[in-house]
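Visitor: Listed below, chain by chain, are the residues.
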Amino acid sequence: MNALARHRALSRIWSSEPGWRGVISTVNHSDIGRMFLLVATLFFLIGGVLAMLIRTQLATPRSAFVAPAIYDQIFTMHGTVMMFLFAIPLFEGAAVYLLPKLLGTRDLAYPRLSAYGFWCYVFGGLMLVFALLAGLAPDSGWFMYPPLSSSAHSPGVNADFWLIGVTFVEVSAIAAAVEICVSILKFRAPGMSLDLMPIFAWYALVTALMILMGFPPLILGSILLELERAFGLPFFESALGGSPLLWQHLFWLFGHPEVYIIFLPAAGVISTVLPVMARTTLLGYRWVVAAAVALAFLSFGLWVHHMFATGIPHMGLAFFSAASTLVAVPTGIQIFAWLGTLWKGQPRLTLPMLYIIGFFFTFVIGGLTGVMVAIVPFDWQAHDTAFVTAHLHYVLFGGFVFPMLAGLYYWLPQLTGRKRFFRIGEMAFWLIFLGFNGAFLAMHWVGLLGQRRRIAWYPVDAGWTAINLFSSISSFVMAIGVAMVVFDIALHALLAIRGSRNPWGAGTLEWAMPTPPAAYNFASIPIVGDREPLARDPALANKIARGEYFLGEPRGDSRETLTVDAASGRPEALVIFPGNSTLPITLAAATGAAFLAALIRAYWIVPLALLLVVGISLRWGWSQHAAAYHGIQNVGRATLLPQAIETDRSPGWWGSAFLLGADAVLYGSLFFGYAFLWTVGPNWPPPQWLSLSVLELAFGLIGAAVAAIDLHAAARAASRSASLWRELLIAFAGAAMTIAALAMALTRAAQLTDYAYGATIFVMIAYALIHAAIAAIMICSLAYRTLRGGAAPPRTSNVNIVRLWTDYAAFVAATSLIATQFSSYLT
Amino acid sequence: MLAGSAAIFALVMLLLLIAYRRTPAPRQSEHRQERFWLHGLGLAFPLITLAALLIYGLVLGETLLPKANENVVTVRAEARQWSWSFGYADAAGLRTQGVLHIPAGRPVDVEITSLDVVHSFWAPRLAGKLDAIPGQVNVLRIEAAEPGEYHGVGAEFSGPGYSGDAFTVIAHDPAGWDAFLRRAQQ
Amino acid sequence: MKDVVRIVIAMFVWLALFSALYGLEGVGCAAGWHRIPVNGATLFQAAMTLAFFVALLILVAVLAALRSPRFRSASPFVAHISVILAVAALVVGVWTLFPAVALSHCA
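Residue numbers (the numbering used here), protein chains in the order written: chain A, 1 to 827; chain B, 1001 to 1186; chain C, 2001 to 2107.
Treat the hints with caution; some may be incorrect.
Some but not every residue of chain B turned toward chain A, in silico, with C-beta under 7 Å [claimed, not checked]:
#1 M1001
#2 V1012
#3 A1019
#4 W1082
#5 L1130
#6 I1133
#7 N1138
Quick list of simulated restraints, FRET-style, between CB atoms [claimed, not checked]:
#8 C:R2067 x A:A230: 51 to 57 Å
#9 A:L434 x B:L1065: 40 to 46 Å
#10 A:G156 x B:G1098: 26 to 32 Å
#11 A:F470 x B:A1184: 43 to 49 Å
#12 B:A1184 x A:L434: 41 to 47 Å
#13 A:W445 x B:A1089: 34 to 40 Å
#14 B:L1011 x A:T56: 37 to 43 Å
#15 A:V606 x B:A1184: 55 to 61 Å
#16 A:A466 x C:R2067: 57 to 63 Å
#17 A:P459 x B:D1173: 40 to 46 Å
#18 A:Q751 x B:G1098: 41 to 47 Å
#19 B:L1011 x A:P61: 37 to 43 Å
Note that these hints are calculated values from the structure, not bench results.
If you're wondering where the values come from, they're calculated on a predicted model, not measured in any experiment.
Ideal Cβ positions, reconstructed from N, Cα and C, are used throughout, including at glycine.
Whenever a hint applies, use it, and build me the whole structure from the sequences.
Guide: Structure follows, in structure tokens:
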């Protein structure tokens, strides 16, 4: 088969459908990546317009531009849109588009999950945009502190839009994070061991792990606040045993890692682009990887620095002040690694490099002011002033927007296959750079003069007018620059002439394919032996196209790729991907229906929507079950590999493991909340405790143990190809016992929910109940497949996945029963 | 801090500039380059600077805490949307609205709380800020060196009236403070 | 996958210890341990000091384990990075936790 015939055959297999049908049914990562990037850019523009409205209001002292009530919606939405609807999705889009290409594979681990994540993002984002246009936008600030955001002080539906819309969008982020983790660890080109991975993949892996650990506390907090607003469960109300500080802890446990989740991918872009611009390799690859990992973990130890003014004892503050100063070290290692790389090589002044220089200037200033606010006495003055607003824009704009613009112009030839012709980009850069610094540099000063953040007007005699006016004018200059970038990209995409395949002379695999890329990325999956495969072998692209490596002979209609061992990159299994499907958008719509019903308080719809979600999920889970072929397959180069779903731990198992990791963090946050209210919260102990029920405890624990043990037995039976239905029946009985016990405990806890203690144990028991139900549904579904038998009984990999969920459900049931039933013994 | 930051910023920009202007030097081994850039500039330099700054900040923070002191006057600040009312330990039953009276030259402990949402008590020339949280009392040590009027604002976003959330602190000399307390007794 | 664990384990242990010490400080102050005398000092001081040294010991143990032939990775790259991060975790531990033994209590 020659290269052209191969290209045609693979294109036929991998292509999405044409037109709008293709948009709603595509599962291809290049399509979905582009869709994410486009929608994220739209939200950036919306957030930018909101920023211009803010600056218009603040240009003059007692501006009559908008009333404070509207202004509060504007600045809340500016922060919300930028943080949730722009920054994270832009990273997702870049990662989804680039990672399979960088890693030398054909798609991400779960193509339909990529699409589901995208549609959840779109539907959640639409909810928030609707709120904005209808004048119902949240107005308590983007961090939504109660009691201001509680129903007493925010009676309308505005805050609910935030809580529900943002949670919906976060489902998308969790889905993407799970997929990115599994893809980077398992879906790589053979030979690409961990130390040969492109540096961007390391950053993306670290970021995805951070999302899995950092988003659950906010998801929990949002659920709790919505329960408080809708049903009066007083988690954050001091008078009833709750505490407003609990929200702050949960929010900032998310909020601080969030800004590093935003920075690290941008640092990954710089680590990729800067060495190419300097015509050399990155200095200190190992140190940069270690610095990224250290930064990720350290960032989880900083959250209280947003709470320095809340009355926490000085020793507690000191832990976080120390960690907050220390975080400058791994950041500095990366900065100096980049500077050292420039010194090592021969840097050229291209447009991406111009943006990187802009990054150095801006981000370093932001980092230095960050160290200042890490010092507690300084923060006691600077907190909640425009100084902080200036700092955060320096690190976010400098540390994220500039690097991403550098990445945009760097990868543009790869995306479009065209050559940059118009020189609008350089002019746009200067407008953005000068406009940004004009808007925010003097803002530091006016903050130190006493201007608070989030004010709608300021006194005429404060002496702040000149700086505010200059800042506002500069922000408009910046906006013009941004508009020019949009215009430039549009012109380029529509009119520019075709360019060469690797104009920068880069060494990574995304440049070893035709541009714009084909739907299948690589005609054959290459063997990698170097960090810069293309630099080592400039003829690599042709060899790949000629099918000299793995999977160069398409088989029937199958979309095929390989998984590898996570550390060594040794090929392990053959994966057959699903084709185009409308299941993702349908599931996203069903999920959205559940969220929307909760938003409009039509609660009777919620169980119906959830039923739909369960039904679609089951259909989704089993649709790949009957494989095209069985047993060991030849994947090229005389290599024989099993199919991934016929191994013990399929990619689905790993995905479940990572997802359950995030779930466990949410559960841990719930225990944290419980411990916090018990020890530090005012108005404890509650008027009434949950009394111990030995029946519930025994039923629950025994049922959990039975279910878990029998799933283990079922897994052993499946690996012997024996019948499972006896073990599954007993496991189901165990799950049913646990569900009954938890349901009884739940009805008792429901009597106590007018106090924070009762509300907390209610949520704990409900969480366990939900997970027990999930496990029961999965066991039923396995049993049904077993009894139906036929050509496709459940495989060991399916049973192992259900075993994982059952183990987790059993653990949660046991710990929540023990914690809640014995709670009256706490003094 | 400003001087130090400016110096560090200048260093980074200088290194960036020089990267462009210098001709590639005779190849230093990658290992030596790593030692200079990563271990020297990346690790040693920030660790030393930050350690000094952290110790300074923590020592300073310790001195600002409301430690036991016989000379302390205690007052109470209650925040609500969007005004402040103040009470006085030395003048039971007295409440003032929007104006806090304190003696100058003596440490004053302000017991801060809120009646509704989270606010923050901030008189910039007297001390840093401390949040007013419903259901709990936070104590802030302030001291006015000289008698006079000091401006204060609420410093935590608290709703549409937040921009105008302000109060005044009047620091009296010893005679004025006695007079104030005596007026309160009547 | 074990290599990934080797890389992250040291900093993960630091984060757990950091959270535990902060939690201990919160519980201790709320429970009034700084008012309970113990051996000339207070229960709070004893608890925080003990926790600080135990934490450092654990971090040293993690470093030793990652360098030992039994637990170290076969890949020189992974072994090197995991040791860098284990040393870093120890330094971070001392740096971020020393307030437990140096600062005033519950003020």
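Visitor: Would you list, in rising numerical order, the hints stated earlier that this structure does not obey?
Guide: Numbers 4, 12 and 17, in rising order.
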